[in-house]
Amino acid sequence: MLKNRKASLLLVVFAIFALLLVACQPETVTETVVQEVEVTRVITETVVEEGETVEVTRVVTETVTEIVEVEAEPEMVEQPVTLNWNFGTEPPTADPSLATDTTSVDVDTNLFIFLTKFHPVTGEVSPSLATEWEVGEDADGNQTWTFNLRNDVAWVKYNPVTGETVQEVDADGNPRFVNANDVVYGVKRTVNPDTASDYAYVLYIIKNAADINGGSEELTLDDLGVVALDDSTVQFTLETPAGYFPSIAGMWIAAPQPQWAIEEWGDKWTEAGLIVTNGAYVMESWIHGGELNLVKNPLWIDADNVQIERVEGQMIVEASTSFALYENNELDTTGVPLPEMDRVKADPMLSAEYYNAPAACTYYYGFVNTKYPFTDRNVRAAFSQAIDRQSLSDNVLKGGQIPATTFAPPGIFGAPEPGTLGLGYDVEGAQADLQTFLDQEGITLDEFNALDIVLMHNTSEGHARIAAAIQQMWADNLGVNVRVENQEWAVYLDTLRNTTPVEEEPHIFRMGWCADYPDENNWVHEVFNSDAGANRLRRNCVDANCAETTTSEFDELTVAAQLSQDPAERMEIYAQAEDILANVEAAYAPIYHYTTVAVTKPWLTRYFSLVGGNDFSSWTLDMDAKLAAQGN
Amino acid sequence: MITYIIRRMFGFIPVLFGVALFTFVLVRSIPGGPFDFVGDRQLPPQVVANIQAKYHLDWPTWKQFASYVIGDDLLGEEGTSRGLIRGDLGLSLFYRSQSVMDIIRTTLPTSAQLGVMSLLLGLLIGIPAGTVAALKQNSWLDYSTTFGAIFFLSVPSIVLGPLMIWIFALKLGWLPVAGWGSKAPYILGFLPNLGDLNVEYFKLAFMPVFALGTGSAAGIARLTRASLLQVVREDYIRTARAKGLAERTVIVVHALKNGLIPVVTIIGPAFAALVTGTFVIEQIFGINGMGKHFVASVGNRDYTVLMGVTLLYSVILVVANLMVDLTYALLDPRIRFD
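Chains as they are written, first to last, in my numbering: chain A, 28 to 659; chain B, 8 to 345.
Hint data in this document are derived by calculation from the structure and do not stem from the laboratory. For each residue, glycine too, the CB sits at the ideal point set by N, CA and C. It is possible that some hints are incorrect.
[Unchecked claim] DSSO-like mimics (lysine-lysine), calculated; alpha carbons at most 27 Å apart, straight line:
1) A:K295 - A:K184
2) A:K372 - A:K628
3) B:K264 - B:K250
4) B:K178 - A:K628
5) B:K178 - B:K210
6) B:K210 - A:K628
7) B:K190 - A:K295
8) B:K61 - A:K295
9) B:K143 - B:K264
10) A:K425 - A:K628
11) A:K372 - A:K425
12) B:K250 - B:K143
13) B:K190 - B:K210
14) B:K178 - A:K372
15) A:K144 - A:K184
16) B:K190 - A:K184
[Unchecked claim] Where chain B lies over chain A, by a calculated footprint (3+ residues, C-beta under 8 Å):
17) 223-237
18) 240-254
Modelling step: build the complete structure from the supplied sequences, incorporating the hints.
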């Protein structure tokens, strides 16, 4: 009995092994091929020739078509030039009206053409769908912007079954090209309250947009300040003059959209196989949360200059895994996780592949200007001057981040050179300012410390590390004790609303800002203007809880700069505004301008775009070198 | 037995309703809503109002719950919700073109494949290891098994995962770094396609299954050992030996069968937890599973996804527990369900 059981067990084990072996055997691939074969046959036939029956033998060579099975040779398939990219996360949407995050914008940048685009290096606004534009004025004195569009951009759809990219046709069977009405439709769709677009507010600069988006009873979408003058001309009418409007027009929310496809498929129109696009790439497949692959659009206006033919986009969230994939040649470029930074810099190969590019983002600590003792400029200035930003960049962040003394980073129109304005690291100045405050209030440092100053950040290892470093700098340089607290992101944002009772607010909070479009208006005005911005700093508040606000010089300056048409004048106003905010008022402490820290394989030439998404069509890749490195 | 099962299944309804109600109220009581901000940008009130109207977040909570459970049409309102009772889990608030069902359909199969393989590995290693440790109590075999169990229980997968990637993928080059080998369409909605079931599939699965499986194996081994040590001192084991049964029969047929009851008890919850996805392992190995939605949906305040995955977890848990209860009857003759 026992023996038998053993034997049967052995058998089972053998069976499993056999199965595994079979599974491991390289399969012999046979192919069914239709071949034309020359066949030589000897035919003997009996013919009746002149009354006699003669046997005639003939040799015939004929060509027959036959179906044979041949062993397929491992074909040397020409590999398309493929970029292995990590999106880092599932893009929440591919709908240009709904996109708000960088991943979705990356996808849209490659799938759609926008009115204008930002030069990948300089960040300057340059022609894209619109070839030229001019500013004007309508009969009521409103500023207008008229864009001339090119008329050769095809609307295409990728067919996942045949693998072909086909141009869309209209009801009459005519091929569809992007025209001014598609732009008008796209803009109206973003503003339409039913679309529920988060970024609709960016278009509030367009005449009546705010009212229509707010569900106005009197105004309809037809009253929106956007109109197609003819097939290739679109005109925007603005609420207030805006010299930076071409930058706004270059955003995804103003992109042309395919009305017929959206109306046919509703929310699902962005799925692979349904999505109708007009950009350099088409969507080959999108497995939500897993992968999103793009292939080159052969009908694209500049298809000859698009070198990367295929983009395999993974969605690896974990930075260390992404880095491991990179090291294994499975990704062509990726970010560098902080723990790997020292190794990357020390390693001769990785350090050559390492690059840090300025990114259009700024990290700052805001002071709640209505919360004692930060109601006093001396205290705020002391805290700002006591931060050694260079040391923070070198020892904590390690990615070549630029110490910031003003808000907008280099590359943004109107941004001052970092370090020229505002308050830099100055221990003596900081101590003097704090002492002035202590003398003025007649309190000692111990009594100041008894105020229990709170610095709050949203929960994250990185923010905690920075907070700990700065807390130490304040303790060393000023002798003040600051308590660090953290909250989960959404709770944190709720706390920082300017409607929160001031007792529940921290004294100092951490925040960052990234450019939507490369103009100072997006920075000092939209963030800090006490009238227009979120005003988390609680500047110019009538009472501590900020139920009402007034304006001061800074706020008037940012509005003046918005209205001005003269670039030189705008630059000057912004420089003034930046200095008032960071120095005269010391309302907040700018800390550093972000960098994009990445490693890139030698066979990939990529850009680090300052604003907007990553445009794969402008990158190039040496596929032979890549295959060689992968050992294929 | 049949009546017992039917009775239990009727019991599921109030349990699941309770879970749904409790989760629904709880997620909405977290400060901060899904559409208050984009990144750190505070949205104008009319934009927030537009979005909330689209997802009916402007309704009172009771009405939102009613819409979630029975659907908009039965409530006499216009809307897309067909209600939980008809299997509609709603639209994701964060992934704007996907419904919760879409999300579950793409991610659950992968998590289930990973989870089932890990649990099987856990049982295959854990039960024999625990048995050997118990039978050779206080021998070197026992000590090394116990040491191994404690080791794998204590090493968190966040350490084990990257360490394995470093050794097996980067240094030795034996296994791929990350990913999962099967894609939709799945057989029966969750089994990998036969075409996908190749060497590559198992190579990709090896590290995550190992990392997850050894963790559960360790727990199972310790439980098996403890339980078996108690059982082998029972009177009926002495009886079995006294009537001259072979030692092997005594252990396998009598002791182990009974000693497995505590193990079976934990398999129910372990099954539910593993099948619905494990956040850390899936994230480290870049696997598109459901685990991330348990965590990310809280941060995103994606109420519907959070509700959906929680309810799915509850359903799997109550069903697994029913299975466990039925298994008791097989293992212990004293237990009957009539």
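Hint-by-hint comparison with the structure:
no. : hint            : result
1   : A:K295 - A:K184 : 14 Å, holds
2   : A:K372 - A:K628 : 15 Å, holds
3   : B:K264 - B:K250 : 19 Å, holds
4   : B:K178 - A:K628 : 19 Å, holds
5   : B:K178 - B:K210 : 16 Å, holds
6   : B:K210 - A:K628 : 26 Å, holds
7   : B:K190 - A:K295 : 20 Å, holds
8   : B:K61 - A:K295  : 16 Å, holds
9   : B:K143 - B:K264 : 18 Å, holds
10  : A:K425 - A:K628 : 21 Å, holds
11  : A:K372 - A:K425 : 10 Å, holds
12  : B:K250 - B:K143 : 23 Å, holds
13  : B:K190 - B:K210 : 15 Å, holds
14  : B:K178 - A:K372 : 20 Å, holds
15  : A:K144 - A:K184 : 23 Å, holds
16  : B:K190 - A:K184 : 23 Å, holds
17  : 223-237         : holds (count 8)
18  : 240-254         : holds (count 3)
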